[in-house]
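Peer 1: Chain residues, written in single-letter form:
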Amino acid sequence: MKRTAQILAVTAFAAAIGLAGIVTAHADDQKILNVSYDPTRELYQEYNDAFAKHWATLHPGSTVEIQQSHGGSGAQAQAVVDGLGADVVTLALQGDVDRIAKAGLIDKNWQSKLPDRALPYTSTIVFLVRKGNPKGIHDWPDLIKDGVQVVLPNPKTSGGARWAYLGAWAWAAKQYNNDEAKEKDFVKQLYSHAPVLDSGARGSTVTFAQKQIGDVLVAWENEAYLALDEFGADQFDIVVPPQSMLAEPPVAVVDKNVDAHGTRAVATEYLKYLYSPEGQTLAAKNHYRPSEPDLVTDKSLLSGFPKLTLISIDDPIFGGWAKVGPKHFGDGGIFDQIYKPGN
Amino acid sequence: MTRSTSQAISGAGARPRPGWHFAKPSVIPGFGLTLGFAVTYLTLIVLIPLAGLVLKASSLGFEQFWKIASDQRTVAALTTSFGSSLIAALVNVVFGVLVAWVLVRYSFPGRRLLDAVVDLPFALPTAVAGIALSALYAPNGWIGSLAGHFGFKIAYTPAGIVIALIFVGLPFMVRTVQPVLEELEAEIEEAAATLGANRFQTISRVLLPRLTPAILTGFALAFARAVGEYGSVIFIAANIPYKSEIAPLLIVIRLEEFNQPAAAAIGAVMLVIAFVMLLVINLLQAWSRRRFGNGV
Amino acid sequence: MASDPLAAPTSLVPARNRPAPKRRVSPTTERPAVKYTLIGIAVLFMAVILLLPLLTVFTQALVKGPGVFMKAITEPDGLAAIRLTLLVAVIAVPLNLVFGVAAAWAIAKFEFHGKAFLITLIDLPFSVSPVVAGLIYVLLFGANSMLAPFLNSINLQIVFAVPGIVLATIFVTFPFIARELIPLMQDQGSGDEEAALSLGASGWQTFWRVTLPNIRWGLLYGVLLCNARAMGEFGAVSVISGHIRGVTNTMPLQIEILYNEYNFAGAFAVASLLALLALVTLIFKTILEFRFGAELAASKRH
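Chains as they are written, first to last, in numbering that gives the first Met the number 0: chain A, 0 to 342; chain B, 0 to 295; chain C, 0 to 301.
Heads up, a few of these hints could be off.
Facing chain B, from chain C, some residues (calculated, C-beta under 10 Å) [as the list claims (entries may be wrong)]:
1) Thr-28
2) Val-33
3) Val-42
4) Ala-101
5) Gln-156
6) Phe-173
7) Leu-196
8) Leu-198
9) Gly-199
10) Arg-228
11) Gly-234
12) Ser-271
13) Glu-288
Treat the hints as calculated values from the structure; they're not laboratory data. Ideal placement from N, C-alpha and C gives every residue a C-beta, glycine not left out.
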């Protein structure tokens, strides 16, 4: 017994030391954390590889490791405010970045620090339906037809969810000539057709595509195309409504954190590289609408983006995130008033 | 040496000092050290964090707390958790006792293997169980497609939740009943047989009553575990509010919405339930010890 | 119970030297038809409920070939998750070991007021949902808590970082070793220790040379279970971790991430590692019981 115990003890000790060595033996590379929203996993997987190579050519001998966190944009923004050590944020809407800026972590004029108002790519909201479109969904009002079940995420936590909500609201505004009561009613009906609200756009895609719940998924354009890629184009069809939101997912350096971590140079370069030909091509490849399409090296990628009327958040219907945020999504806002789950 | 002998040695005959004692005097050293360490550990790891939860929940004030706790969605989530756990625990009563009986009473090839496999849900991480069950019972999984032929959908329905909870609770049932079964004296059955009882009567009137405390304890353990289960369930459930949303998931959602007060309120409710279940289990175990002498 | 008339009467033989209780066949057994039906049902039930999911893990892991399997495990995020899981286990299990031994010693060897309450407290994590376990630490150390200013001032990050994961794991797994040892040591009584003391051994000598050998197999089993649970904990860690790939993702969380990225084969690949660990745990347990059945029978209370 004594021998066994001794052997075991020595082995355990050695293992612990070896483990500690492995865990701490990370070379002193530069490390940055990109806190992003839900659907961008595939985009940043590719982009991070490309950026690491780019950084190595820019600064031979120095390596950079990019860590990722993904989740609903609103939830991620709050996490950064609460202490998640992001060096850059690549979120789903300006309002979420503004929230972090308000907490003092990002400079108030972050939007002017990068081209195109800090938008390397934009997107829009489309519908993903089962193959053959059995319920005949072509436009926003079809979502509230009898018997249609809509899958979309929770606006409290997900950026894509807010763009979807606003897309519906924008349609109702045009249809009912800015009659707020009718707009509210339309959106209320929409959410009464939603059996479940996932916390992020990816969660909703999983619910719709994997768990086969619902008849239509209201999703980011890039997410819809990704679902086709992943699950097979023989399972789903993409329906592009005539009008939808110009979804603008901005990027920003988290000033307070990069100064504390000493990573400002690499973080800034990380975001700037998104505007390079390589960055723009990767965006287009992953079905994000590049803001500088001329830089895209493979022009055939650009034909994959259908034309539709895009309403901006600054359109008079909405008046910008400063107004929309509290009015629709704040505590006691319009979403809180209309959303009472339960069929 | 038996305990009574050791008590004699430690001086049960010696007169303890008068007055109230926290602990009975003993020659064994280390009481202060071990108890002190254990209590400190528990205070830091358990008591203070739990107190934090209770404080947060009570800082809401009773009205607000009640509003959250009795909110329709919360009640629905608790109902789903409780209902599914109840059904799963009941199924485990039937099959758990059956499995324990078969393992103890019969000998057949592979019995040892089966006995070892019973503990699988103890050792297997809940997330692994979750995705495995989800893949198995999904419409394109082995069992799911089989059920699909008959028109049944299992994964992404409340039935899927029950299956996951059966998986999680089975070893509690079997491992609680098994030792009691093993220690049943043969004489009682023989006596019943000689008095003319047929096999069924012997089992139902003589054996089952003796197993009842163990069965109840196993049920309570399986039930308590199932109510709080998270990892195995969220992959196989559709997580639809009011239909298949379990209470732990609602806590997570509230946290993600950064609604800490609501999360704390629901957490406090679940904590109270956990305490109640613990109490029930301890009472059952004490009853069993008094009545039958075997600790379960 | 012993059928050998020449064997010592069981009551005089110390528990640890008694042969393992024979699995008795009842004197009046069921009819063969009933017996085989029951066996059949039990085996079928166990196969469907327990074995099929286990099999699914391994088959799904390999469904896209060994290449995808290896990639999921050896890619940086996968390796980081494995490292973090091991780190958490290496910290949590020894701490819980010390606690388990200390608590079992105090409970088994002494009589004191409040012992039942202590035992109940030790049993608490079994009834508490893992999500609540994570929640309590988020409330205690998170941004809106009373401790937040203090933690910020000393730059200690607990929530969204490794310390929080370790704490939550400790909470969920500390009962395992204690609950294995307490009934075992209670059954063994204090006689051996008192004898050692009366022969002049010091407290520590008694513990190392007398108690520890007596409880070694129960201890080992408790450590195995504690370790399996520590490496597999999901709910509690999910709440407190922040899901930062490569930093605060344990293997179970990595499984969830891969699953959400439609990389099902990858998710199952990581899951299969944990499933292997579970199997190893079960095999060890069976070996222990096979060789030391009588001693473990006393601790076979959950």
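Peer 1: So, for every hint listed, does it hold in this structure?
Peer 2: Now the hints, each set against the structure:
no.: 1; hint: Thr-28; in the structure: 8 Å, holds
no.: 2; hint: Val-33; in the structure: 8 Å, holds
no.: 3; hint: Val-42; in the structure: 7 Å, holds
no.: 4; hint: Ala-101; in the structure: 4 Å, holds
no.: 5; hint: Gln-156; in the structure: 17 Å, violated
no.: 6; hint: Phe-173; in the structure: 7 Å, holds
no.: 7; hint: Leu-196; in the structure: 6 Å, holds
no.: 8; hint: Leu-198; in the structure: 13 Å, violated
no.: 9; hint: Gly-199; in the structure: 13 Å, violated
no.: 10; hint: Arg-228; in the structure: 8 Å, holds
no.: 11; hint: Gly-234; in the structure: 4 Å, holds
no.: 12; hint: Ser-271; in the structure: 8 Å, holds
no.: 13; hint: Glu-288; in the structure: 8 Å, holds
When held up to the earlier numbered hints, the structure conflicts with 5, 8, 9 and fits the remainder.
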